[in-house]
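Novice: Could you build the full structure based on these sequences and the hints that come with them?
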Amino acid sequence: MNSYQRVMNTLSGQPVDRLPVFAVLGAYGGKLTGTDLRTLFSDASAYVAGQKALQKEFGFDLVLTPFDYSSIAEAFGGEVAWSADQVPNMKRPAVRKAADALLLPLPDLRSAGRLPMILEATRQLAGLYKEQVPIIAVLPGPGILPALLVGIDQWMETVLFDPELAQRLLDYTAPFLVSWANAMLTAGADCLAVTEGMATASIAPRDMFAQQFLPHLRDTFSQIHGPKVLNSTGGCMNQVLDLLPGLDGLVGVMVGSKDDLAESRLLVGPDLTLIGNLDNLTLPAISAGKVYEMSMERLRTAAPSGRFILANAGADMPQATPSENLRAMLAAGAAYSAEGGGRS
Amino acid sequence: MDTNYWSEQLFKAMVEADRSGAAEIITQALAVGIGPHQVIAGILDPAIVRLGRLWEDESMSLAQNFVASKIAEDALIRCVPCTKERQHTKGAVVIGNIEDDFHSLGRRTVGLFLSAAGWDVHDLGNDVPAEQFVEKAIEVNASVIGVSAMMQTTALNIRKLRDLIDAQGLKSKIKLAVGGAVFNWRPDLVVEVGGDGTAHNAVGADDLFLRLRAETVRAVTA
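Those sequence lines, one after another, are chains G and F.
Per our numbering, the very first residue in the first sequence carries number 1; after that it's consecutive.
Per our numbering, the very first residue in the second sequence carries number 1001; after that it's consecutive.
To be clear, the hints were calculated from the coordinates, so they are not data collected in a lab.
Computed from a prediction, not measured in an experiment: that's the story for all the values here.
You may find that some hints are simply not true.
What the hints assert, rightly or not - Cross-link-like lysine to any residue pairs, in silico, SDA-like; alpha carbons within 20 Å at most: (1) LYS91(G) with GLY1125(F); (2) LYS258(G) with ASN1184(F); (3) LYS91(G) with PHE1102(F); (4) LYS1160(F) with LYS1171(F); (5) LYS91(G) with HIS1103(F); (6) LYS97(G) with GLU164(G); (7) LYS1070(F) with PRO163(G).
Said to hold, decoys possible - Computed far set for chain F versus chain G, every beta-carbon distance over 10 Å: (8) GLY1033; (9) PRO1046; (10) ARG1050; (11) ASP1127; (12) VAL1134; (13) ASP1188; (14) ASP1207; (15) ALA1219.
Idealized CB from N, CA, C, for every residue including glycine.
Specialist: Below, the structure is given as structure tokens:
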């Protein structure tokens, strides 16, 4: 059974040879290939070389398209901040006022900024790994996307104090998101990981998510023609999990590192895959033994009910994460499966 | 005039993210004769402290915190013009996001709460080099620099600021407050980057800055 079969079987509740293990690694590929991050996140071949190196070094059960939302900010006209040791960030949004964002043209996926590079990287990954290792494409959710056009401060202010304008901006940006998601699926992505910041208790109360963002998530998902996993880049999600079953094409949820996995399972029901939930920020700083111990604790809590993938919870893992810590995650997954757990 | 009742009402409005309701409470409090300074000290401050406890319990979202900071800002704008006779602020402080960090929301909220609490806040914005923090702190005679970072990679850049403060012999005159999401998840980073203290949220910034300012006073008089 290869990684693709293992993950697809997990998502559909079918038997697997061992429990799949994910790690969200993009910049780490540059560390392995000796590529600076500006090149890694600007050159499709360099990025794919990083994913190949990660597969060779660790063999996690996925390859990832670039987890770099500054490319979307840039495509709308924003400025990018490049860093030597972290994924590029948005330095300046395209506009400062939400009303002005309604005047921004929606980016052309074939030519705007680095969007073509991401599609090309997806195509190259598909050429290398199709039906061998699942190709996971990462994109922002509809509720947090406007923050990439106007900045998070302005977006929060709009959501809270001008909800009508916020709804107009959500409506305006949704077609871009749908096109972008479907383009990545066409380029070869097997599944989309949608990071919806508004789905975490750290950002928005449950009622706000339910009333202002869930309808947009539902509408957007219905227009994206492929399987999706929802995550919140590490923040707690249990407060909204019971609202998610039934979203079109939703196959899994990547919960936050502080979410109780047993509670997550009760809330999300039996048919969605739970993915998680080791803390991104802790992983670089603790011993491999501790990573192993934490991984086993997650596995013993969540794997017995099926449809579980061990993973970190959140965004791109820091380059400073020791390789032995990553291997400890894999070792825990293998050990748990060897004990007879996680095979169905 | 008993301010407890009004503070309770304001607290409820903050929790419910009711900005207009909060503005009405401030209006009414001023109308019944509570002085502007007492509105801040007796109504706004206690409400903010209670909000801080909710945040500690992880019962508040960033959205609620953001609204609360706006309410505090509203109240400040309403009351400060009336308190121009106020002779003393708590002093100057400099805040900003460290070099390579662009996550400004938390810093801006801290700035609003510090202003509401009576500090003279100099906000340098995002991606601020260590040298700029120190130059500004010397220029405005700040006792505390508050530096924010959201991620571990950028938090480590704070070490440059620590080293610069120490190298210039300012350790006893300027204290370094650090904050941001990563410090809540990894409290050990405060020491690792050379911070003199942290607060878990914007509401707690006033107490932290007061404590650090007191440490500079003690160091100078020792």
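Novice: Determine for every hint whether it applies to the structure shown.
Specialist: Quick rundown of the hints versus the structure:
1. LYS91(G) with GLY1125(F): 11 Å, holds
2. LYS258(G) with ASN1184(F): 13 Å, holds
3. LYS91(G) with PHE1102(F): 6 Å, holds
4. LYS1160(F) with LYS1171(F): Status holds; Cα separation ~14 Å.
5. LYS91(G) with HIS1103(F): 9 Å, holds
6. LYS97(G) with GLU164(G): 14 Å, holds
7. LYS1070(F) with PRO163(G): Judged against 20 Å, a Cα distance of about 16 Å means the pair holds.
8. GLY1033: 30 Å, holds
9. PRO1046: 23 Å, holds
10. ARG1050: 17 Å, holds
11. ASP1127: 7 Å, violated
12. VAL1134: Fine: 22 Å to the nearest Cβ keeps VAL1134(F) off the interface.
13. ASP1188: Not fine: 7 Å to the nearest Cβ puts ASP1188(F) too close to chain G.
14. ASP1207: It holds; ASP1207(F) is separated from chain G by about 22 Å at its closest Cβ, greater than 10 Å.
15. ALA1219: 31 Å, holds
Of the numbered hints given earlier, the model fails hints 11, 13; all others are met.
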